[in-house]
Amino acid sequence: MDRRDFLRISGLGAGALLLPAYGRVVAADVLVTKMDPATKKRLADIALNAAKSSGASYCDVRIGRYLRQFVITREDKVQNVVNTESSGIGVRVIANGTWGFAATSDMSSDAVAKAVKQAISIAKANSRLQSEPVQLAPTKGVGEVSWATPIKKNSMEVPIKDKVDLLLDVNAAAMKNGANFIRSILFLVNEQKYFASSDGSYIDQDIHRIWAPTQVTAVDQKSGKFRTRDGLSAPRGMGYEYLDAKPEHRIALPGGAVVYSDSYDMKEDAIAAAKQAKEKLTAPSVKPGKFDLVLDPSHLWLTIHESVGHPTELDRVLGYEANYAGTSFATLDKWKSKNFKYGSDKVTIFADKTQPTTLGAVGYDDEGIKTQRWDLIKDGVLVNYQVIRDQAHILGLDHSQGCCYADSWSSVQFQRMANVSLAPGKEALKPDDMIKNVENGIYIIGDGSFSIDQQRYNAQFGGQLFYEIKNGKVTQMLEDVAYQIRTPEFWNSCVGVCDDKDYRFGGSFFDGKGQPGQVSAVSHGSSTARFNGANVINTARSLG
Amino acid sequence: MSIMTEQEAKSILDKVCKLSKADECTAQLTGSVDGNVRYALNSVSTSGIVNNTDLAVQVAFGKRVGTATINEFDDASLEKVVRRAEELARLAPENPEFVPAIDKQAYKASDTFVEKTAAITPEYRATVAADCIEPCKKDKLVAAGFFTDSARFTAIANTKGNFGYQKSTNVDFTCTVRTDDGRGSGWVARNLGDVSKFDAKSDIKMAMQKAKGSADAKALEPGKYTVIMEPAASAGLISFMMFGFDARQSDEGRSFLSKKGGGNKIGEKVFDERVNIYADPWDAQSAVVPWDDDGLPRERTPIVTKGVVDYLQYSRYWAQKQSKKAIGQPGNLIMAGGDKSTQDLVKATKKGVLVTRTWYIRLVDPQTVLLTGLTRDGTFYIENGEIKYPIKNFRFNESPAIMLNNIEELGKPVRVADDESPFIMMIPPMKIRDFTFTSLSDAV
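Chains as they are written, first to last, in this note's numbering: chain L, 8 to 551; chain G, 29 to 472.
Everything labelled a hint here was simulated from the structure, so no lab data went into it. Just to be clear, a hint being listed does not mean it is correct.
As the list claims (entries may be wrong) - List time: in silico BS3-like cross-link candidates among lysine-lysine, alpha-carbon distance up to 27 Å:
1) L:Lys84 x G:Lys91
2) G:Lys288 x L:Lys229
3) L:Lys480 x L:Lys285
Full structure from sequences and hints, please.
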């Protein structure tokens, strides 16, 4: 995740001018406007024709307009309201069998033609180092089509005042309930993306996302101790309706914590966060050892992301990410064997870029491929990876799986993680059923600290709320908990997954990969699941 | 138009300031040309060039602030952007933490621009890739690397007469070399302002040597070890720790530099007395633009001296509230050391672990700035001053605040950058005792 950029923009005291990562700052009314598809098609055709006449064997053009709005508050203050727009054109070509890419924010015909020339000269300069020419899985052009996130309320159309009033009300409620500090943010995204390629596709897409993170801090000045509790919302591919707080989306968990599914009660969660942050100050510190873990979807999404989502990206498996994000333990020989037990029989994990309301949901990827769903792990066995057009032939596939993405018009598109989710269990099981047979365990809710090695074997995860489970009952809050896993052992220790009634999404706006680094937004669904015999460490230290 | 001259930039900024009818106006004009080449599996995978120029205008009526930006610079566009900022300011609520624009400053230029770096071509980038790929191919090794270069300018001005303009360049190179059977992995990194000091052919040798030398790694029990951290290995931990050097968070009781009972730890000894960290925009090896994002002049700023905390970062608002002087926020981080190289530190070590690089560092507990992460791309066991054998990677759970109290020896600082750090850093190789490894990783 690109923590640096997010910290920069959301950090305490950030100034309005400090926004290079997200583009230009604009007025709110600009956020509800759109660029005419006919203008985009005209610009795209200039690039496609220039590429063809210069000898490129393939060309795609992405005309992007990326709109973001941040409303940042702390306690009783609005720290910042920022609207940004970033627009421009990225051109990718194949010349001499090699990729070349160039991008420009200048949307004049001359600048577009110049970018094409630059992309071709880069491809030619690098072709001497190409061991074999780029091989694209065939695809038919789809003509002129469009797709839009099925939102109910466009967040960009909601007046700033309503957003500010909501956040300040949330903050006041937290402060009234014992918080010493609270930061609450609305982060709204609209990607207006136009893709055209020499295969004959002209695809116009309008994509919306929303995120409402909060962090409450409780301080005991006397002891010098402080604890935080982050909000339990999930970023989603939805409009402002995510904040409607519908009662049917409120879920009371065993032990009393409350989580949310398809809409979020920000105020109720902030009140709970204030009380729980205070409770954390005095909660007993965990005694390290082996525990059975019951993991709520608000936590498990991140474990899925790191230990299944990333290792099944084919570019990592092959070595294309070796210098940065790393490679993968899920090597091709394991896949070819058709019997590599990634997890227990309870574990089926699938990739899906079509699930409505998810961060990864789009109609077409950034290579113009229609999005799909497919299994990665079936009944515990590794069965597939995530591929794009220039990788499909390596698996003997005749098509791309449609997971190509670029985070900006100025970034080159490459393989990015689809939504990767744990399939719900087939038996009718609720979170209570996961807990009732646990003798000595920990129930973890919300995501916390996360770290995993470059081949995705050894990972460590924290959380927001930890509850001791003794003899089938949730007993008390614990603190200083983190668990360490070795990926295949962890997934093979899965002994139960709740049914689809408990299926919920978590996700991230900031999955980082590539050089130069790019972020992508991705969701992960799961139901509550139980894992036996995990290694839990105590993270408390003394600075003397 | 990406890299404007000082005259071109000043002419635009002067027009913007004259156009403004607000109580005050601040404008920032930036432009960049970024080129890169990326390769993997001994072949170039992607390569590109991105041009971008932006003008940001911030105006204030009393405590009401509005900001707007544009990337067109004709007179009509300049008028449009100023009026839009003014309109936004009139609609904005009062910002209780508003601080007026800075007064006219005298910036002392720093040496951040090298023409040769700005003139890098696609052919040069391809040659860097070739210089890594070809020797690896010959030695049955597999190279994956990234070379990126940037040329930028930044210009600021306000209606109080302030103006600054400076150009800068940077190159950053990393390369991972793996044995073709995937059992060994080595890494090298270089960060420079001047590309003429860069030699991929020479740098790649270290990564190749580590890749070959790290195959057949043995497993050591996790626990506390004496470690030799190469500069890149500890840079991420130290940079992470700097998030705790915020004055407001410390005063509010939520930093490892908060004092029990209230206040912060400025003036207190928090680290070993050999720890000296400072910022200096004019440092010959790690120069940065001599003003920060607010336009405040950067100064040579002691941050930690002989283990005592000298400095916390005060925003202009928090400085005013606490009656402190706000100074420019550091752009570089220089940790002083000695004269020894990493190899010299290894020679003087009876038993220990050499760490080439650390990876996926995340904050576990802000109370103690406890971090977790892993070693990567070359971890070796040292015995009697020699590298004895490669060892499997470890996960660590360690606080830099503890690590910098367990110093055995510091070597000669080297310029390093880190993907997740805002700083250019000068970091010495370090010999640290009792570094906490909590589990083994099978990753190569």
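Okay, the hints, checked on the actual structure:
{"no.": "1", "hint": "L:Lys84 x G:Lys91", "in the structure": "13 Å, holds"}
{"no.": "2", "hint": "G:Lys288 x L:Lys229", "in the structure": "6 Å, holds"}
{"no.": "3", "hint": "L:Lys480 x L:Lys285", "in the structure": "23 Å, holds"}
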